[in-house]
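Asker: Sequence:
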Amino acid sequence: MIFERDVHGPVSIDVTLTDVDLIGFKNMKFTAIKGFQADLSGRTELIATIPELRLKGHYKIDGQILVLPIKGEGDMEIVISGAQSNYSFDMKPNEKKGKIHAVVEHVKFNIEPDQIKFRLDNLFNGDKTLGDNINLFLNENWRELYAETKTNLLKPSSIVMKNIINSFLDNHPYEHFFE
1 MIFERDVHGP VSIDVTLTDV DLIGFKNMKF TAIKGFQADL SGRTELIATI PELRLKGHYK
61 IDGQILVLPI KGEGDMEIVI SGAQSNYSFD MKPNEKKGKI HAVVEHVKFN IEPDQIKFRL
121 DNLFNGDKTL GDNINLFLNE NWRELYAETK TNLLKPSSIV MKNIINSFLD NHPYEHFFE
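Residue 102 in the working numbering sits at position 102 of the sequence shown, and the numbers go up by one each step.
Simulated from the structure, these hints should not be mistaken for lab results.
Misleading hints may appear alongside valid ones.
[Stated by the list, open to error] Here are the simulated lysine-lysine pairs, PhoX-like style, with alpha carbons at most 25 angstroms apart:
| id | residue 1 | residue 2 |
| --- | --- | --- |
| 1 | K108 | K56 |
| 2 | K71 | K60 |
| 3 | K150 | K117 |
| 4 | K56 | K150 |
| 5 | K128 | K56 |
| 6 | K29 | K155 |
| 7 | K117 | K26 |
| 8 | K56 | K117 |
Just so we're clear, the structure is a prediction, and the values are computed from it rather than from any experiment.
Hey, can you work out the whole structure from these sequences and the hints?
Answerer: Now the structure itself:
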């Protein structure tokens with residue numbers, strides 16, 4: 001996952017996340033399903049809560065957040081707590097073994113968390129004091145940071161959700177949902 005620098009915004013960073021594990025989707029609880037209908041027309045919306053979602057992996061960052069420079073490379077963990085999610089999509093038919101299955105397309109995904117905590121190891125070539133202070137700053141200002149970066153953060157989650165739903169729909173003829 002790559003975030004590219006926005007020189008005009010308050011968060012002007014180049015970030016590369018690699019070997020990222022996304023943990024916590026299994027605890028998602030759906031609270032509402034809207035627009036799910038037999039003819040595959042219209043938009044379907046899934047509303048859910050996610051108690052905790054973790055992104056663990058490796059990061060490389062260089063740039064500026066608000067007024068502070070940030071630079072480093074190492075292990076990272078981002079913990080998103082108390083999230084309300086909204087996942088909407090269209091479906092198109094796909095014939096498989098004489099039965100109609102649905103395929104998800106045109107995905108839109110949003111998460112509004114209660115809190116986000118960041119841990120970036122080895123900031124400023126391992127300078128513990130600077131690294132601890134930047135991590136503290138990130139955790140105290142997570143709302144502003146999230147508002148600036150959420151589009152890039154949600155892309156991999158959206159892909160994971162699309163793959164999960166498509167895998168489920170591929171194994172179940174669509175008409176069986178309405179029998």
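Asker: A separate judgement is required for each hint: does it hold in the structure or not?
Answerer: These are the hints, each one checked on the structure:
Of the supplied pair hints, the one linking K108 and K56 holds, its CA atoms being roughly 23 angstroms apart against a limit of 25 angstroms. Between K71 and K60 the alpha-carbon distance is near 8 angstroms, which keeps this suggested pair within the 25 angstroms criterion. About 14 angstroms separates the Cα atoms of K150 and K117, which keeps this hinted pair within 25 angstroms; it holds. Our distance criterion of 25 angstroms between C-alpha atoms is met by K56 and K150, whose separation comes to about 17 angstroms.
At roughly 20 angstroms between alpha-carbon atoms, K128 and K56 fall within 25 angstroms of each other, so this suggested pair holds. Of the supplied pair hints, the one linking K29 and K155 holds, its CA atoms being roughly 20 angstroms apart against a limit of 25 angstroms. Pair hint K117 plus K26 holds up; C-alpha atoms about 20 angstroms apart against a cutoff of 25 angstroms. Restraint check: the Cα-Cα separation between K56 and K117 comes to about 12 angstroms, which is no more than 25 angstroms; the hinted pair holds.
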